[in-house]
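Using the sequences provided together with the hints, build the complete structure.
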Amino acid sequence: MSLETTGESQRTHHRYSAYLLAAGAVTTSVDDVHADVFYSGLQDIVIQQGLGALNLKINDDDYEDIVLRNYVFSNGNYQGGTVPFAPGAVSGFSMSGLNYATALNAGEVIDQSTLGGFAFSLALGNANPNAQFKNAINKYIGFAFPIGPTDLYYAWLRVSIDNAAGMFTVHDWAWQNQTGVPIVAGAGGLGDFDVNATVDGNDFLVWQRNYGVPQGSPPGTGYDADDLADWKSAFGNAPPATAVAQPVPEPGALGFFAAGAGGVELLRRRRKCRPST
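Here my numbering runs 8 ahead of the position in the sequence shown, where the first position is 1.
You may find that some hints are simply not true.
FRET-style restraints, in silico, Cβ to Cβ [said to hold, decoys possible]: (1) Ala233 to Gly105: 50 to 60 Å; (2) Gly220 to Gly84: 30 to 40 Å; (3) Leu213 to Asn143: 52 to 62 Å; (4) Leu213 to Gly156: 36 to 46 Å; (5) Ala233 to Asn83: 47 to 57 Å; (6) Ser241 to Arg217: 16 to 26 Å; (7) Asn83 to Tyr219: 31 to 41 Å.
Source of the hints: derived by calculation from the structure; they are not laboratory data. All C-beta atoms, glycine included, are put in the ideal place defined by N, C-alpha and C.
Printed below as a string of structure tokens:
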């Protein structure tokens with residue numbers, strides 16, 4: 009997992025490195041395609057308004073997989089973004105010539121049928137009347153990013169947005185490491201050890217059966233007290249407790265990243281397919 013952030017502040021969490029989660033540790037109804045869902049850990053990144061942008065490298069390579077922005081336009085506060093490389097796209101829809109991201113709830117499937125455009129609005133006051141993130145608390149953005157010219161990997165981001173106040177927080181994210189395999193919004197998130205987008209007693213059983221096991225069952229899923237704390241904070245899918253992120257100064261070089269120039273640069277890159285890694 010890599011982050012390249014501009015004009016934003018980041019909270020470092022004790023479980024910052026990605027989890028490898030699996031549903032096979034106990035008997036569940038969860039399909040085993042979820043066995044390759046990777047989770048970011050709780051982040052609570054605040055994208056500062058103005059020139060703020062968050063560039064996420066989901067699979068820890070050299071390429072940005074999704075770019076999120078928090079701008080101030082003449083007609084209001086804007087939150088939105090792009091999936092820079094073709095054929096990546098966001099789960100969304102088009103209406104009256106505008107592309108929007110769909111505000112997903114935990115448990116909704118993200119797959120090819122849900123994808124819309126690569127550039128998307130989350131909110132822009134009354135200028136984007138069909139935007140679904142104007143007042144969003146713990147809603148999910150679904151998207152697909154490519155590795156190579158055609159392979160798509162599905163992912164989700166959990167965000168909170170207050171458009172009127174210019175607030176944009178990215179809480180966490182997860183992605184499916186098998187190409188073309190759908191992901192469920194919220195699956196593999198905080199405390200969701202069986203990867204079914206619901207934090208309940210079965211997750212505790214997964215934790216209990218893998219507690220203190222270095223390699224876990226299957227490998228990579230050994231849990232500790234920090235994981236139990238995550239489960240407690242998210243039990244019943246209540247919004248997890250979050251800390252207030254402290255802003256950091258924007259680098260001076262960000263003055264070159266005006267809204268218009270940034271959009272042109274991304275559209276130029278969009279014409280290229282992402283190379284294989």
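Evaluated hints:
no. : hint                         : result
1   : Ala233 to Gly105: 50 to 60 Å : holds (52 Å)
2   : Gly220 to Gly84: 30 to 40 Å  : violated (52 Å)
3   : Leu213 to Asn143: 52 to 62 Å : violated (36 Å)
4   : Leu213 to Gly156: 36 to 46 Å : holds (38 Å)
5   : Ala233 to Asn83: 47 to 57 Å  : holds (49 Å)
6   : Ser241 to Arg217: 16 to 26 Å : holds (21 Å)
7   : Asn83 to Tyr219: 31 to 41 Å  : violated (53 Å)
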